[in-house]
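Peer 1: Sequence:
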Amino acid sequence: MSEFEQVVAAYQSFPQGFQSIIISTVSKDGIPNASYTPFIIDDNKNIYIYVSDLATHTQNLHAVPKASVLFIEDESQTPQIFARKRLNFDCEATLIARNSILWQQIEMDFVDRFGDIMKLLRDLPDFRIFQLKPTGGRFVVGFGNIYEVDPNDLNNLQQITPK
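If you're matching positions, the sequence shown starts at 1 in our numbering and goes up one per residue.
It cannot be assumed that every hint is accurate.
Okay, derived cross-link-like pairs now, DSS-like style, lysine-lysine, Cα gap no bigger than 25 Å in a straight line [unchecked claim]:
| no. | residue 1 | residue 2 |
| --- | --- | --- |
| 1 | Lys28 | Lys66 |
| 2 | Lys66 | Lys133 |
| 3 | Lys85 | Lys66 |
| 4 | Lys85 | Lys133 |
| 5 | Lys66 | Lys45 |
| 6 | Lys28 | Lys85 |
| 7 | Lys133 | Lys28 |
| 8 | Lys85 | Lys45 |
Pair ranges (Cβ atoms, derived) [claimed, not checked]:
| no. | residue 1 | residue 2 | range |
| --- | --- | --- | --- |
| 9 | Thr161 | Leu124 | 19 to 29 Å |
| 10 | Gln159 | Asp116 | 13 to 23 Å |
| 11 | Leu54 | Gly144 | 34 to 44 Å |
| 12 | Lys133 | Ser13 | 14 to 24 Å |
The hints are simulated quantities; they were obtained by calculation from the structure and are not laboratory data. Note that the Cβ used here is the ideal one computed from N, Cα and C, for glycine as well.
Please build the complete structure, drawing on both the sequences and the hints.
Peer 2: What follows is the structure, given as structure tokens:
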């Protein structure tokens with residue numbers, strides 16, 4: 001396997017090592033907010049989040065349906081703190097209609113992944129499911145080892161080279 005093929009394989013499996021993402025949103029007034037949320041991801045790299053309307057990031061997604069999400073290597077696992085392995089996606093957010101077929105499917109995926117807590121959350125009327133559809137991103141695997149995610153094919157990477 002070539003070095004590039006190894007990077008692509010690492011990119012494909014990287015999100016599976018996480019149960020939550022760091023999410024960055026912005027309010028209608030342009031005030032940024034960083035938070036986190038548990039997630040699930042499908043084969044097309046769509047990310048689904050199950051969030052309360054009480055959360056700032058949920059209010060922001062209603063007002064400005066865009067987000068940046070970050071998967072980042074645990075500090076205790078990195079050999080170099082300045083070069084933590086990370087993947088970020090820029091996303092368009094879409095609210096999933098409550099009790100639609102897609103809602104029910106995604107809710108069951110959350111139950112499968114997160115267990116009993118979902119029995120409590122599913123009965124709370126303020127919880128929503130958003131689909132975060134990536135429009136591009138970057139995968140960083142070390143110093144000078146940065147790859148752009150192809151917005152036309154989220155499974156494809158292109159290495160960024162210094163100019």
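Peer 1: Now tell me if each hint is right for this structure.
Peer 2: Evaluated hints:
Distance check on the hinted pair: Lys28 and Lys66 sit about 11 Å apart at the alpha-carbon level, within 25 Å; holds. Under the criterion of a C-alpha separation no larger than 25 Å, the hint pairing Lys66 with Lys133 is consistent with the structure, at around 9 Å. The suggested pairing of Lys85 with Lys66 holds, with an alpha-carbon distance near 24 Å, which does not exceed 25 Å. For a cut-off of 25 Å, the pair hint linking Lys85 to Lys133 stands: about 22 Å separates their Cα positions.
Under the criterion of a C-alpha separation no larger than 25 Å, the hint pairing Lys66 with Lys45 is consistent with the structure, at around 16 Å. For the suggested pair Lys28 and Lys85, the alpha carbons sit about 32 Å apart, so the restraint of at most 25 Å is broken. Annotation: proposed proximity of Lys133 to Lys28 holds, straight-line Cα distance about 20 Å (limit 25 Å). For the suggested pair Lys85 and Lys45, the alpha carbons sit about 18 Å apart, so the restraint of at most 25 Å is met.
Evaluation of the 19 to 29 Å hint for Thr161 and Leu124 yields a failure: the beta carbon distance comes to about 48 Å. At about 43 Å, the beta-carbon gap between Gln159 and Asp116 misses the expected band of 13 to 23 Å. Separation of Leu54 from Gly144 is about 42 Å and conforms to the stated range, judged on CB atoms against 34 to 44 Å. Between Lys133 and Ser13, the C-beta spacing of about 20 Å keeps the proposed range 14 to 24 Å intact.
Hint violations for this structure: numbers 6, 9 and 10, all remaining hints satisfied.
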